[in-house]
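Engineer: Going down the list, the sequences are from chains U and P. Counting in full-length UniProt numbering, the first sequence runs from 1 upward without gaps. Counting in full-length UniProt numbering, the second sequence runs from 1 upward without gaps.
In case anyone wonders, no lab produced these hints; they're calculated from the structure. Here the structure is a predicted model, which is why all the values come from computation and not from measurement. Ideal Cβ placement from N, Cα and C applies to all residues, glycine included. A hint or two may mislead.
[Claimed, not checked] In silico DSBU-like links for lysine-lysine, alpha-carbon gap of 30 angstroms or less: (1) K49(P) with K281(P); (2) K49(P) with K34(U); (3) K56(P) with K34(U); (4) K3(P) with K150(U); (5) K150(U) with K138(U); (6) K34(P) with K56(U).
[Said to hold, decoys possible] DEER-style ranges, computed between Cβ atoms: (7) P48(U) with P136(P): 36 to 44 angstroms; (8) T348(U) with G270(P): 52 to 60 angstroms; (9) E277(P) with V20(U): 51 to 59 angstroms; (10) P136(P) with A183(U): 51 to 59 angstroms; (11) P48(U) with Q25(P): 28 to 36 angstroms; (12) P239(U) with E277(P): 45 to 53 angstroms; (13) K34(P) with H274(U): 50 to 58 angstroms; (14) H79(P) with G273(U): 19 to 27 angstroms; (15) Q243(U) with H79(P): 51 to 59 angstroms; (16) K34(P) with P48(U): 49 to 57 angstroms; (17) A350(U) with Q25(P): 46 to 54 angstroms; (18) P239(U) with G155(P): 53 to 61 angstroms; (19) P239(U) with N312(P): 34 to 42 angstroms.
There are 2 protein chains.
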Amino acid sequence: MTKVALTPLAQSLPASVPFVGPEAQERAQGFPFKARLGANESTFGPSPKAIAAMQKAASEVWMYGDPESHDLRQALAAHHQIAPENIMIGEGIDTLLGVLVRLYVTAGDAVVTSAGAYPTFNYHVAGFGGTLHTVPYKNDHEDPDALIAKAREVGAKLIYIANPDNPMGTWHNAARMQQMIDAVPAGCLLVLDEAYIELAPEGTAPAINTSADNVIRMRTFSKAHGMAGARVGYAIGAPDIIQGFNKVRNHFGMSRISQAGALAALRDDGWLGHIREEVSKSRERIIQIAAENGLQTLPSATNFVAIDCGRNGDFASRVLANLITAGVFVRMPFVAPQNRCIRISCGTAAQMDIFAAALPGALQAAHDNLG
Amino acid sequence: MTKVALTPLAQSLPASVPFVGPEAQERAQGFPFKARLGANESTFGPSPKAIAAMQKAASEVWMYGDPESHDLRQALAAHHQIAPENIMIGEGIDTLLGVLVRLYVTAGDAVVTSAGAYPTFNYHVAGFGGTLHTVPYKNDHEDPDALIAKAREVGAKLIYIANPDNPMGTWHNAARMQQMIDAVPAGCLLVLDEAYIELAPEGTAPAINTSADNVIRMRTFSKAHGMAGARVGYAIGAPDIIQGFNKVRNHFGMSRISQAGALAALRDDGWLGHIREEVSKSRERIIQIAAENGLQTLPSATNFVAIDCGRNGDFASRVLANLITAGVFVRMPFVAPQNRCIRISCGTAAQMDIFAAALPGALQAAHDNLG
Numbered sequence: 001m002t003k004v005a006l007t008p009l010a011q012s013l014p015a016s017v018p019f020v021g022p023e024a025q026e027r028a029q030g031f032p033f034k035a036r037l038g039a040n041e042s043t044f045g046p047s048p049k050a051i052a053a054m055q056k057a058a059s060e061v062w063m064y065g066d067p068e069s070h071d072l073r074q075a076l077a078a079h080h081q082i083a084p085e086n087i088m089i090g091e092g093i094d095t096l097l098g099v100l101v102r103l104y105v106t107a108g109d110a111v112v113t114s115a116g117a118y119p120t121f122n123y124h125v126a127g128f129g130g131t132l133h134t135v136p137y138k139n140d141h142e143d144p145d146a147l148i149a150k151a152r153e154v155g156a157k158l159i160y161i162a163n164p165d166n167p168m169g170t171w172h173n174a175a176r177m178q179q180m181i182d183a184v185p186a187g188c189l190l191v192l193d194e195a196y197i198e199l200a201p202e203g204t205a206p207a208i209n210t211s212a213d214n215v216i217r218m219r220t221f222s223k224a225h226g227m228a229g230a231r232v233g234y235a236i237g238a239p240d241i242i243q244g245f246n247k248v249r250n251h252f253g254m255s256r257i258s259q260a261g262a263l264a265a266l267r268d269d270g271w272l273g274h275i276r277e278e279v280s281k282s283r284e285r286i287i288q289i290a291a292e293n294g295l296q297t298l299p300s301a302t303n304f305v306a307i308d309c310g311r312n313g314d315f316a317s318r319v320l321a322n323l324i325t326a327g328v329f330v331r332m333p334f335v336a337p338q339n340r341c342i343r344i345s346c347g348t349a350a351q352m353d354i355f356a357a358a359l360p361g362a363l364q365a366a367h368d369n370l371g
Numbered sequence: 001m002t003k004v005a006l007t008p009l010a011q012s013l014p015a016s017v018p019f020v021g022p023e024a025q026e027r028a029q030g031f032p033f034k035a036r037l038g039a040n041e042s043t044f045g046p047s048p049k050a051i052a053a054m055q056k057a058a059s060e061v062w063m064y065g066d067p068e069s070h071d072l073r074q075a076l077a078a079h080h081q082i083a084p085e086n087i088m089i090g091e092g093i094d095t096l097l098g099v100l101v102r103l104y105v106t107a108g109d110a111v112v113t114s115a116g117a118y119p120t121f122n123y124h125v126a127g128f129g130g131t132l133h134t135v136p137y138k139n140d141h142e143d144p145d146a147l148i149a150k151a152r153e154v155g156a157k158l159i160y161i162a163n164p165d166n167p168m169g170t171w172h173n174a175a176r177m178q179q180m181i182d183a184v185p186a187g188c189l190l191v192l193d194e195a196y197i198e199l200a201p202e203g204t205a206p207a208i209n210t211s212a213d214n215v216i217r218m219r220t221f222s223k224a225h226g227m228a229g230a231r232v233g234y235a236i237g238a239p240d241i242i243q244g245f246n247k248v249r250n251h252f253g254m255s256r257i258s259q260a261g262a263l264a265a266l267r268d269d270g271w272l273g274h275i276r277e278e279v280s281k282s283r284e285r286i287i288q289i290a291a292e293n294g295l296q297t298l299p300s301a302t303n304f305v306a307i308d309c310g311r312n313g314d315f316a317s318r319v320l321a322n323l324i325t326a327g328v329f330v331r332m333p334f335v336a337p338q339n340r341c342i343r344i345s346c347g348t349a350a351q352m353d354i355f356a357a358a359l360p361g362a363l364q365a366a367h368d369n370l371g
């Protein structure tokens, strides 16, 4: 019997995904991590009010979650002083990026991003047959001018930029980002990923223009709000761009528990302030640990810090491997010259202590390996 | 400035989704439902052990869920006595159906289903540009022979059938389904939706053949397990069909809380037995309520019962509207002649009492409306 055939596009795709979880690494290596500092999760945890709301919702989970996420959208609209029609909720920025690419990108359409930027976006572009064009980082920052120029050159439908950036942690200020938005070519949409924006200095996010049809912004409860495992993100954009998601989104929508948790987290401003302080302290601690080992760090407006290991990608990947072997889960940028760095998520003092204890040996062993 | 253009396919799609939640109806009508019997949710709730597991996981939600859903896959494999490579976890059957259609259906590909069957499947087929071909129900059952014949006629890539069926509740036995599987044409895949299988009589599910490349089966924790709001479903199929999902699935995967809940639910056989008894009692009660009002019911192997209102779709839709007005959330099949029925989800004795109290008036008012 002849088997059913995948579509030509599906046939062309590898059966692999860009995100390998720490649990998969733990299973492969046969021991658990002592410190979990590789996925920019918030080891400080979510708001206790969010935990309580999720625990309450657990007993109501026989009901589907509201597929319109009405209450959460209303609350987010009030929070941002915009309309619910400017907001689409989804199962994390990742899912929203997938839906967005599906709506705008078909076979051969050009898309622009930075070499070494968020791989999940690239995964979606490939998954819908788009053609990815990249520009390099500039001084360890994403380069708005180069992204715009490339988009003009190739007639891109989408440009992706994260501000603050992952994996480097660097950022541009609001004026610079507004300048970029204003320069988006006709027929193109800027995807502005602001996953870490709550942890950035005041003046990093440009004002929200609720009618701008050349930018869509992505936010999440996974980072500052400490709810990565709940899968809640949202897009902010002009009403007709947002309305487009209703053409193809998973209309059974969101987990009921996740919706309840996000709503409670949003209302707990005090916890967010607490997290900002903890993240700030932890960034300082990472800088200090690096300095104690003779290493520089990159400036960060996020809940992680890139440590420059001072040599090339080979050396940094040895440091990384040694940290992993020591039970410290961390990651590194993929592309030279940014791959001279390792990326350390902020964490509790206890997590930082484990990292501080492991780093000197990891560096020494990497040096020794050089022969 | 010229706005970015949706793909031609996206432009062709309406900005609407097939599932409108009861909360949306409540907001529109301005009052809450007294009984929630319209979405085949399990008002009996999930296993208390599943609730406890989800409550524990809530405090760990700062961590991403394992994107491989390893523990749940292992447990499901053991439960079904198959390999983890035969199982793909997803955010409900709905999401899995969407990924499946994406993998196999592109512009103009033919797909076959029954007129009046699960609309979410049709939504995904439209969303990826497929062409839907339908056959009618036969005696209020899905018609395997007609589905197979239509698939041969149009060269379908996918055939969809639910066994037991939603919205009618009727079913075929395992031998009949195996006969259908054996008749699937070359180059075609049968999508066998078994969302309600745990509530059906022994002998409804054909044996799982872990190497069959002409069928993929869909299961869920939303129905018998009472976890609709957690969004956990799974597909069972040959390893290379399952592996295909890794080409395009949302690799950040599942809610951590949902994974924990599903794992605990799967292990609580006692609760599933309790639910089977409750559902069976409730089906009898719905039959009795119908009889008290002079109405027949259809046989059901699910957690809902279709009540034949004894006239046409217009009449049934009046009965439905009257029930809604009385605060009873119920739904009805979309297509004649099945739309002579209303579909009542099983529920607790208290929910059944509310329905029993509302039905006579709803019928009387519908009769009066006929003039």
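Engineer: State for each hint whether it applies.
Structural biologist: Now for the hints, and whether the structure bears them out:
A threshold of 30 angstroms between alpha carbons decides the hint, and for K49(P) with K281(P) the separation of about 23 angstroms falls inside it, so the pair holds. For the hint linking K49(P) to K34(U), the alpha-carbon distance of about 29 angstroms falls within 30 angstroms, and the restraint holds. Distance check on the hinted pair: K56(P) and K34(U) sit about 20 angstroms apart at the alpha-carbon level, within 30 angstroms; holds. Only pairs whose Cα atoms come within 30 angstroms are accepted, and K3(P) paired with K150(U) is accepted, the gap being roughly 18 angstroms.
For the hint linking K150(U) to K138(U), the alpha-carbon distance of about 14 angstroms falls within 30 angstroms, and the restraint holds. Taking the CA atoms of K34(P) and K56(U), the gap is about 20 angstroms. The hint holds against a cut of 30 angstroms. Remark: the range hint 36 to 44 angstroms for P48(U) to P136(P) is contradicted by a beta-carbon distance near 55 angstroms. Look at T348(U) against G270(P): about 39 angstroms separates their beta carbons, and that is not inside 52 to 60 angstroms.
One distance hint, 51 to 59 angstroms for the beta-carbon pair E277(P) and V20(U), is violated here, with the actual separation near 43 angstroms. Distance hint check for P136(P) and A183(U): the Cβ-Cβ separation is about 57 angstroms, which falls inside the suggested range of 51 to 59 angstroms. Checked against the given bound of 28 to 36 angstroms, the beta carbons of P48(U) and Q25(P), roughly 34 angstroms apart, stay inside it. In this structure, P239(U) and E277(P) meet the distance hint of 45 to 53 angstroms, their C-beta atoms being roughly 49 angstroms apart.
At about 42 angstroms, the beta-carbon gap between K34(P) and H274(U) misses the expected band of 50 to 58 angstroms. Between H79(P) and G273(U) the C-beta distance comes to about 46 angstroms, which lies outside the given range of 19 to 27 angstroms. With their beta carbons about 42 angstroms apart, Q243(U) and H79(P) fall outside the hinted range of 51 to 59 angstroms. The given range of 49 to 57 angstroms is broken by K34(P) and P48(U), whose C-beta atoms sit roughly 34 angstroms from each other.
At roughly 49 angstroms, the beta carbons of A350(U) and Q25(P) sit within the given window of 46 to 54 angstroms. For the pair P239(U) and G155(P), the supplied restraint of 53 to 61 angstroms is violated, since their beta-carbon distance comes to about 41 angstroms. Separation of P239(U) from N312(P) is about 40 angstroms and conforms to the stated range, judged on CB atoms against 34 to 42 angstroms.
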